[in-house]
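These protein sequence lines map, in sequence, to chains A and B. Just so you know, we're using my numbering here: the first sequence kicks off at 1 and counts up by one. Just so you know, we're using my numbering here: the second sequence kicks off at 1001 and counts up by one.
Hints listed in this document are in silico derivations from the structure and should not be mistaken for laboratory results. The C-beta atom is built at its ideal place from N, Cα and C for all residues, glycine as well. A portion of the hints provided could be inaccurate.
What the hints assert, rightly or not - Interface residues of chain B toward chain A, partial, derived using beta-carbon atoms under 10 Å: (1) Gln1002; (2) Val1004; (3) Tyr1036.
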Amino acid sequence: AAGVIQSPRHLIKEKRETATLKCYPIPRHDTVYWYQQGPGQDPQFLISFYEKMQSDKGSIPDRFSAQQFSDYHSELNMSSLELGDSALYFCASSSTGAPNEKLFFGSGTQLSVL
Amino acid sequence: QQQVKQSPQSLIVQKGGISIINCAYENTAFDYFPWYQQFPGKGPALLIAIRPDVSEKKEGRFTISFNKSAKQFSLHIMDSQPGDSATYFCAASMRGSSNTGKLIFGQGTTLQVKP
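Chain B extracted, bound-state conformation (with noise of 0.2 Å):
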């Protein structure tokens, strides 16, 4: 049973152009949402993260939008570049006194961005 809904699998983008990948969650005991973003052989690294009492954050080029109600967050890449190419994932946590904070990774998406 995956938690964390990630999609599209893949994506194929125009240099310029903007990546939007979506992800969607069914546990509202979850209160952190960061995206990870893994080139081949190498680890995640995180990109940027939103907590549920905010709906927008903004950071440089990336930014995630965050709907509560509907239980989705998702990833906006502004003036994609080919350097962006790579696999991201969104994923959520919880803290609390049984949790441990550990991250629950959604499928994945893979975006290539075409010179």
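If we strip away everything but chain A, and leave its shape as in the complex, we get (with noise of 0.2 Å):
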């Protein structure tokens, strides 16, 4: 079965350079969220998307922006990076007319800023 794909698995960026994640969908789900994971933490919900609009925002900073585009897939921007802002982040899919609702993950793209 097909899975969240998310790209790149690895970046490394230098501060106050810019960013973006991709993030493709399971497909015939209209509902994306992102996480940004830090070494031992729990992840932290930043923002969400249901058919294309912004449906929720959590703690993401005013330096990030995020978009989903026509065919679902979203895109998280990231500017002036901080050391901080070295994480796992990740995509995660649903199906809003799904019973459960489940929240299916993708393996995360690993930031590290230097």
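Take the two lone chains and join them into the complex the hints point to.
This is how it looks when you write it as structure tokens:
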């Protein structure tokens, strides 16, 4: 079965650079969530999109923005990167039509800011 | 403020033993409680989930016990195996006109099953 696909798998950036993370949800899933997970931490919700519209917002810095496109894939844009942005970034998708509305996670993008 | 509190932080169990991880929540609007398993460098994978109208759910060696009045739920792993060694997260979410079903995670429990 198709899973959530994230790219790139690893990303190394310098301070003050920009980064773009991509997420391709499971086919027919209409909702995408972005999470940030620091080392040894639990995943923290950043932002979500339903049918290409922002549906919820968590602890996402103003330096970050995201969008969901017509094919339902999503991109997380991160600017003016800081050392503290180094983390594992996960995308998850779900289908609002599914009875349990389960979230399925991708393998994540490991971002390292040097 | 941690909306979902998980314990213990780490757990060591012998092969064949029972692993028990506990979670507590405050928000009574939560109506969906999943458990996720995460291996290093991988994304969380859904293990088992329960809704408040059920007190227990079992899937293979994994059981969720849910106590609505105490606002607590727990994961029991029977006959624990070395391959179960991973980090386990409990989570909670709610649905409603103003909610999107995002998951709020507990702090995680690192389980080590010794051969």
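Checked hints:
1. Gln1002: holds (9 Å)
2. Val1004: At 9 Å from the nearest chain A Cβ, Val1004 of chain B passes the 10 Å test, so the hint holds.
3. Tyr1036: holds (8 Å)
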